[in-house]
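Since the structure of chain A is provided, determine the placement of chain B on it from the hints.
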Amino acid sequence: MGKKRVSSVIRPYLMILPAMIGIGVFVIYPIFYLAYLSLHKYNLMNPAKSKFIGLDNYADLFARDEFYKVLGNTALYTFATVLITLVLSVAIAVWVSKNTKFNQFIQAGIFTPHIVSIVSIALVWMWMMEPSLGFLNYILKSVGLPTSQWLQSSSTAMASIIFVSVWQGIGYYVLIIVAALQGVSPSIYEAASLDNASKWKIFYKITLPMISPQLFFILIIMTIGSFKVFDTVRMMTLGGPNNSTNTLVYYIYQNRTTNIGYASATGMVLMLVIGILTFVYFRMLANKVHYQ
Amino acid sequence: MTKSMHIVKLSIGYLLKLLLVTVFIFPFLWMISTSLQTFKETLAFPPTMVPAVPQFINYVTAWQSGPFLTYFSNSAIITISIIVIQMLVLIPAAYGFAKYKFKGSSFLFSLVLLAFMIPGQVTFIPVYLMMSDWGIGRTLLPQIIPFMTNAFGIFLLRQYLMQVPEELIEAARLDNASEFKILWKIMIPMSKPALATIALFSFVSHWNDYFWPLVMTDSAAVRPLTVGISMLRETEGISNWHVIMAGNVILVIPILIVYLFCSKQIVKAFVYSGIK
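Chains A and B supply the protein sequences, listed in that same order.
My numbering puts the first sequence at residues 467 to 758.
My numbering puts the second sequence at residues 29 to 304.
Keep in mind the hints are simulated off the structure, nothing from the lab.
Watch out, some of these pointers could steer you wrong.
[As the list claims (entries may be wrong)] Residues of chain B placed beyond 12 Å of chain A at every Cβ, according to the derived structure:
1) K31
2) F130
3) A224
4) F231
5) G256
6) V286
[Stated by the list, open to error] Dumping the calculated DSS-like pairs for lysine-lysine here, alpha-carbon to alpha-carbon at most 25 Å:
7) K292(B) x K567(A)
8) K45(B) x K567(A)
9) K564(A) x K213(B)
10) K45(B) x K68(B)
11) K292(B) x K45(B)
12) K564(A) x K127(B)
13) K567(A) x K296(B)
14) K213(B) x K127(B)
Quantities reported herein were computed from a predicted structural model and do not represent experimental measurements.
We treat Cβ as the ideally placed atom computed from N, Cα and C, and that holds for glycine.
Next comes chain A alone, as it looks inside the complex:
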């Protein structure tokens, strides 16, 4: 009997053990390792020759203009992507929210890019955005508009990347908002229409507040997701032209072999940003649960 008790006490620990090993080895230990690396001048050829240099990497980081440039680019990218996606996805969701076969088809179509690899997405858009032969400039030309250099000019490259990100991601958010809209009780709308409220008024007095928890969820996951943008940049512009599309993660990537300590310090900054956003998210989530 005593033996059985012991085994039932340790049983839950055994059940979660493999999962915890995975988290310990591949998340928690690397965080400390990253912090350690960020305080060293790391020697890739001979790690034993690495030197502790305190906060020098951070001092170096915060003194370089390119870091602020990269941080600014990332913030701009995040702000624009989140804002445009949010507005468009609410508009589209309201438009196609009625539960019909046709609308389901439209939703599935808009969602398609979301499940396709960014590699394919990037390649096909690079082809479409090709300045002299691409399809987009052909369209612009045929309706009499000036053509664009798209990814190849520092004034339009960032906008082009934002465009592709919005295009790829929007279907997912439309789905979530549609689900939220369908969850709003019809009786609330009926009451409003009895009051002869205008469509616009119904939208911002009833619809918007009712789906605000989902909108908030989207806002946070999109902000965190956008802040670590890398794939589109690596595929489409390599951070150029002229660093105009270089972002935080791409910057870390660029320095990952030549200056590991410096790249690690940048990684710590990224973690801090994500940490703050996550904290805000959980705080707000707690408040939301509170008033329900």
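Here is chain B on its own, set in the frame of chain A:
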């Protein structure tokens, strides 16, 4: 409003919606069209919409431009291994967190949430160094084992298992069923939708993954399809769009076929993961 005006308004609505969906579908059609054109056709302006004679040879060229069989099987091995390992790890973990009270459980669960929040973009440098230290840098393992714990999956499945009535488990225990049997005969069958969601999600995200394999691999022997295709521009020349698009179709087709046949489940899975 007359009846005919109503019909006109309705059909304009339909047309506009079709136009909207075209914006999202057209690039894929364009990709397929380009992949079947000759080099000369791709140089035409205005662009060639439909190739005169479909050039299936482009697919052969793309496939032969690198070790694509290796890339393809690497992608398959990596994705399948990840899903199998994740299931073995996350099912007992979610059960433990959902149905047992034990000391430190809330602290340990907060570590799961932490893992959920910390992205690979933060940890990739130390993990890369660890992998080389362990001498497995040149195998497929760096692309598999870091994903052994699917924190999102544990979270989702735990929510699901918490809804299984306690009485059911108690009754099974009274019948002297082992914990393993309870897990296998009660918990897993009851949580099939959640497990399907998790597996589908893992499949899509790891088949498509680009960042992690890019930073973990140094040689063609361990590269997956995404990285292989992304390098077509270097191997085939940046203006050989017909070959690049053919490679691209090879990458996209498996996912699009899966999507065509179970778009409903996939859509459901993604929505479910989003709103919990």
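For each hint, the structure was consulted:
| no. | hint | result |
| --- | --- | --- |
| 1 | K31 | holds (20 Å) |
| 2 | F130 | violated (4 Å) |
| 3 | A224 | holds (15 Å) |
| 4 | F231 | violated (10 Å) |
| 5 | G256 | violated (9 Å) |
| 6 | V286 | violated (8 Å) |
| 7 | K292(B) x K567(A) | holds (12 Å) |
| 8 | K45(B) x K567(A) | holds (13 Å) |
| 9 | K564(A) x K213(B) | violated (40 Å) |
| 10 | K45(B) x K68(B) | violated (35 Å) |
| 11 | K292(B) x K45(B) | holds (19 Å) |
| 12 | K564(A) x K127(B) | violated (39 Å) |
| 13 | K567(A) x K296(B) | holds (15 Å) |
| 14 | K213(B) x K127(B) | holds (15 Å) |
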